[in-house]
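Chemist: The sequence shown lines up with residues -22 to -1, 1 to 321 when you count with mature numbering (1 follows the signal peptide of the UniProt record, and there is no 0).
Derived by calculation from the structure, the hints in this document are not laboratory data.
Be aware that a few hints might be false.
Below 27 angstroms or equal to it, Euclidean Cα-Cα: the simulated DSS-like pairs (lysine-lysine) are [claimed, not checked]: (1) Lys93 <-> Lys179; (2) Lys302 <-> Lys312; (3) Lys154 <-> Lys93; (4) Lys302 <-> Lys102; (5) Lys176 <-> Lys111; (6) Lys179 <-> Lys219; (7) Lys135 <-> Lys71; (8) Lys270 <-> Lys216; (9) Lys93 <-> Lys71; (10) Lys179 <-> Lys154; (11) Lys312 <-> Lys93; (12) Lys216 <-> Lys111; (13) Lys312 <-> Lys270; (14) Lys259 <-> Lys111; (15) Lys173 <-> Lys71; (16) Lys173 <-> Lys102; (17) Lys302 <-> Lys259; (18) Lys176 <-> Lys216; (19) Lys216 <-> Lys173; (20) Lys154 <-> Lys259; (21) Lys176 <-> Lys219; (22) Lys270 <-> Lys305; (23) Lys179 <-> Lys111; (24) Lys219 <-> Lys270; (25) Lys216 <-> Lys259; (26) Lys135 <-> Lys111; (27) Lys135 <-> Lys154; (28) Lys259 <-> Lys219; (29) Lys154 <-> Lys71; (30) Lys259 <-> Lys305; (31) Lys270 <-> Lys259; (32) Lys154 <-> Lys216; (33) Lys154 <-> Lys219; (34) Lys176 <-> Lys102; (35) Lys173 <-> Lys219; (36) Lys176 <-> Lys154.
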Amino acid sequence: MAKHWVVATCVAAGALAPAYLAARPASGTGYELAGHIAGPDGGWDYATVDPTTGTLYVAHGDAITTVDLASRAVNPVLAPAHHAHQVLRIPGKTELFETDGDTGTTRFVDIATGKVNAEVATGKKPDGGFYDKATDQVVVMNAADGTVSLIDPASHKVTGIIEVGGGLEFGVPDGKGGAYVNVEDRNVVVAIDLKARKVVKTIALTGCEGPTGLALVGGGTRLISACANDVAVVTDPKAGKVVATLAIGADPDAVIVDEARHRAFIPNGGSGTLSVLDIAKPAAIRVIGTVKTQIGAKTGAVDPRDGRVYLPTATLARPEPGAKRGKPVPGTFKVLVVAPTAS
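Sequences are here, hints too, so could you generate the full structure?
Modeler: Okay, here's the thing in structure tokens:
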């Protein structure tokens, strides 16, 4: 996430014309805005759901905020932060990690007490991050210096650095010891080998300007990148080319996947909409409609247990001169709840 609110050789562009440009769809998605959960003031970036505890984690500016999804009880400050970007529970452990943009560190926090067990220097403005099961590493994208940091979650030590270059955004593991990362200012997605610690492929995202959110779907056969020019591009990573371009909304910053229900969601903060994608057929991923949400809702998370989508947002004031978006109005922060409609 290059903006705080709450993934070698380039291929010739001419060879990567999108297979089609989908028309902007009408509503009728099987999802509806079902309410909201009020929370404390502050900015926001990524959010994640831990289905084992039923907890929503929000990277909430100067704090990690949690929500018990059963009771909707909010803990405003599980732990303090400094321009938090990513917050994610490490599977099988009692810790989460948080990327701390202002301090250039990745912090490991006890999920029960909020105690900061370690602060690990990673790079300039660490942003997106994920846990890679195949290599048992926490992987962090450093947006301001173009590097990817690899951290051993047991020792809390950096075990390697991968030089990528550019403004790194979100990244996703491939489950085999590799990963893909969007590079926002180069309009590409790079494939990296986490074991060999090197870039192995660069794919031009033809028709995509400013890729931010990223997801790997279809058993690893398709990548979905959310782009700042109101489209999402679908890439075949094996072939190394864009295979579809989908019309979405303005200012997206995440791609959220619900594999069990064959759906992906792209929250569009600039237009206040949630694009709903059918991903059941990897060769024919399509937008099936939109849900009206709220201006500013550009990131979020899905609860795989029931398919509910949670989107942090707030009422935004008029932007100051030169600013891309307005500041959140005090007393208006909330997490929107988008739920599957009854069949």
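Chemist: Hey, Lys93 versus Lys71, does the alpha-carbon distance stay inside 27 angstroms?
Modeler: holds (14 angstroms)
Chemist: Tell me if the straight-line CA distance from Lys302 to Lys259 falls inside 27 angstroms.
Modeler: violated (36 angstroms)
Chemist: Within 27 angstroms, alpha carbon to alpha carbon, are Lys154 and Lys219?
Modeler: Judged against 27 angstroms, a Cα distance of about 21 angstroms means the pair holds.
Chemist: Take a quick look at whether Lys216 and Lys111 sit within 27 angstroms of each other, Cα to Cα.
Modeler: holds (21 angstroms)
Chemist: Sort out whether Lys154 lies within 27 angstroms of Lys179, counting only the CA atoms.
Modeler: holds (15 angstroms)
Chemist: Measure nothing beyond the straight line between the CA atoms of Lys259 and Lys305; if it is 27 angstroms or shorter, mark the hint as holding.
Modeler: Roughly 40 angstroms between the alpha carbons, so the hint for Lys259 and Lys305 is violated.
Chemist: Assess, step by step, whether the Cα of Lys176 is no farther than 27 angstroms from the Cα of Lys219, and give holds or violated.
Modeler: holds (20 angstroms)
Chemist: Given the proposed pairing of Lys93 with Lys179, does the C-alpha separation stay at or below 27 angstroms?
Modeler: violated (39 angstroms)
Chemist: Please work out if Lys216 and Lys173 have their alpha carbons no farther apart than 27 angstroms.
Modeler: With a Cα-Cα distance of about 19 angstroms, the restraint between Lys216 and Lys173 holds, given a limit of 27 angstroms.
Chemist: Check the hint pairing Lys270 with Lys259 against an upper bound of 27 angstroms on the C-alpha distance.
Modeler: holds (25 angstroms)
Chemist: Next pair to validate is Lys154 with Lys71; report whether the Cα-Cα distance is within 27 angstroms.
Modeler: Answer holds: Lys154 to Lys71 is near 21 angstroms, not above 27 angstroms.
Chemist: Holds or violated: are the alpha carbons of Lys176 and Lys154 at most 27 angstroms from each other?
Modeler: The given pair, whose Cα atoms are some 15 angstroms apart, holds under the 27 angstroms limit.
The structure does not agree with the numbered hints 1, 3, 8, 17, 24 and 30 stated previously, though it agrees with the rest.
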